[in-house]
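Q: What follows is the residue order along each chain.
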Amino acid sequence: MKRYLPFLIIVAVLIVAAGSVIWFVQKSKQNGLSNTNANAQSDTAGGAHVRGPANAPVTVEEYGDFQCPPCGRMYPELKKIEQEYGDKIKIIFRNFPITTQHKFAMIAAEAAEAAGFQGKYWEMHDKLYENQQAWATSDDPGPAFIGYARELGLDLERFTRDMNGAEARSRVEQDMQMGNKAGVNATPTFLVNGRMLRTEATSPEGLRTAINVMLRVNQ
Amino acid sequence: MEATRETIRSERKAQEVETERRARGAWLFYLAALVSLAGLTDAVYLTIGHLTGANFRCTITSGCNEVLGSPYASIGGVPLASLGALAYFSVFSLATLAAFNHKWATLALKMVAGLMLLVTLWLLYLQAFVIHHYCQYCLFSAAMVLTLNLIIFVAPVLIKKGQYRLR
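If you're matching them up, the sequences are chains A and B in order. Position one of the first sequence corresponds to residue 1 (the numbering used here), numbered consecutively onward. Position one of the second sequence corresponds to residue 220 (the numbering used here), numbered consecutively onward.
Do not rely on the hints blindly, as some may be mistaken.
Over the 10 angstroms line for every Cβ pair with chain B, so calculated as not near, a few chain A residues [unchecked claim]:
| id | residue |
| --- | --- |
| 1 | LEU14 |
| 2 | PRO76 |
| 3 | ASP155 |
Within a straight-line C-alpha distance of at most 27 angstroms, the following computed BS3-like cross-link-like pairs (lysine-lysine) qualify [said to hold, decoys possible]:
| id | chain 1 | residue 1 | chain 2 | residue 2 |
| --- | --- | --- | --- | --- |
| 4 | A | LYS120 | A | LYS79 |
| 5 | A | LYS181 | A | LYS103 |
| 6 | B | LYS322 | A | LYS2 |
| 7 | A | LYS181 | A | LYS2 |
| 8 | A | LYS120 | A | LYS88 |
| 9 | A | LYS2 | B | LYS232 |
| 10 | A | LYS88 | A | LYS103 |
| 11 | A | LYS120 | A | LYS80 |
| 12 | A | LYS88 | B | LYS329 |
Hints are computed from structural coordinates only; laboratory data are not their basis. Just so you know, even glycine gets a beta-carbon here, dropped at the ideal spot from N, CA and C.
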């Protein structure tokens, strides 16, 4: 028996290791869309920023970080998707600045919120993503943000005050709490009708597939 | 006649001493097997993550997404983590066989562990100077490889000469 014992041990470890890889990969293939925590809801709770018709059959909710490069790359794609699907989808954007990796992500989120207080949230959102490369690599993004606010015709004094104020910070933190509850831990994370897209499906094609599935389901 | 018997007896005695010395040294192989199991678990976790595209929660360091999402995380479409899993499994198998007195396994174990150390140093260099981010799972793996090499190459030298010598 002792002669075969090492081989038995080796085979057992091999079965456990290979088995767990196969099992998890199969399981993941079965559901490209994963169910999220029951608390995750694609609604407009917390005064979220929404664009698109309120009664659209599909809601695409994004947890984004203005300084994250994949979010920046996804931004024009999402615009295209919005145009393609027209009034069939509505978009919700929630802040999820990953401050441990992106030092300006929080202030950028606050700048967008501050612009939102003057009714220009989405305009600032677009400017931040379109010029991500410029402000993200600067030493101080403040002047750039103020520049965008000027271009948008905002009251600059109020914008600067709001950007550094507690209200904007609290709005961002509210979004982050919601994201944490939903199990968001990377950006961009998309929820399509409340169902979170897995990372491998987080691509323009993946998003289109998920939207199509939801449109079929809702027909 | 008496002299032959004496020779046989002394040979047996020498064999017993050698066997006991090897048995005492076997614990290092068990330890190496245990450490490689920890490394294997880490590599299997990363392989599953790579294949399923799961999110990695980086709790200690901050660069998991940068490192695991970098072009260095796979070689020709094969996840690097799966190669790591294969290497750890080899070390585990060889250490187990060596512990059970398969002499040939020791040399193979030393070769695989040495090779893993070289690859680990290269990966640490990539994290530090190319990607500029560290991933805790990769650092854990590096620690395991370093420990394995200490067990296999350094421990036997440190431990009293001849007493717990690796076979």
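Q: Next, verify each hint and record whether it holds.
A: Consistency of the hints with the structure:
no.: 1; hint: LEU14; in the structure: violated, 7 angstroms
no.: 2; hint: PRO76; in the structure: holds, 20 angstroms
no.: 3; hint: ASP155; in the structure: holds, 36 angstroms
no.: 4; hint: A:LYS120 with A:LYS79; in the structure: holds, 17 angstroms
no.: 5; hint: A:LYS181 with A:LYS103; in the structure: holds, 23 angstroms
no.: 6; hint: B:LYS322 with A:LYS2; in the structure: holds, 16 angstroms
no.: 7; hint: A:LYS181 with A:LYS2; in the structure: violated, 52 angstroms
no.: 8; hint: A:LYS120 with A:LYS88; in the structure: holds, 23 angstroms
no.: 9; hint: A:LYS2 with B:LYS232; in the structure: holds, 24 angstroms
no.: 10; hint: A:LYS88 with A:LYS103; in the structure: violated, 36 angstroms
no.: 11; hint: A:LYS120 with A:LYS80; in the structure: holds, 21 angstroms
no.: 12; hint: A:LYS88 with B:LYS329; in the structure: violated, 62 angstroms
Hint compliance for this structure: hints 1, 7, 10 and 12 are not met, and every other hint is.
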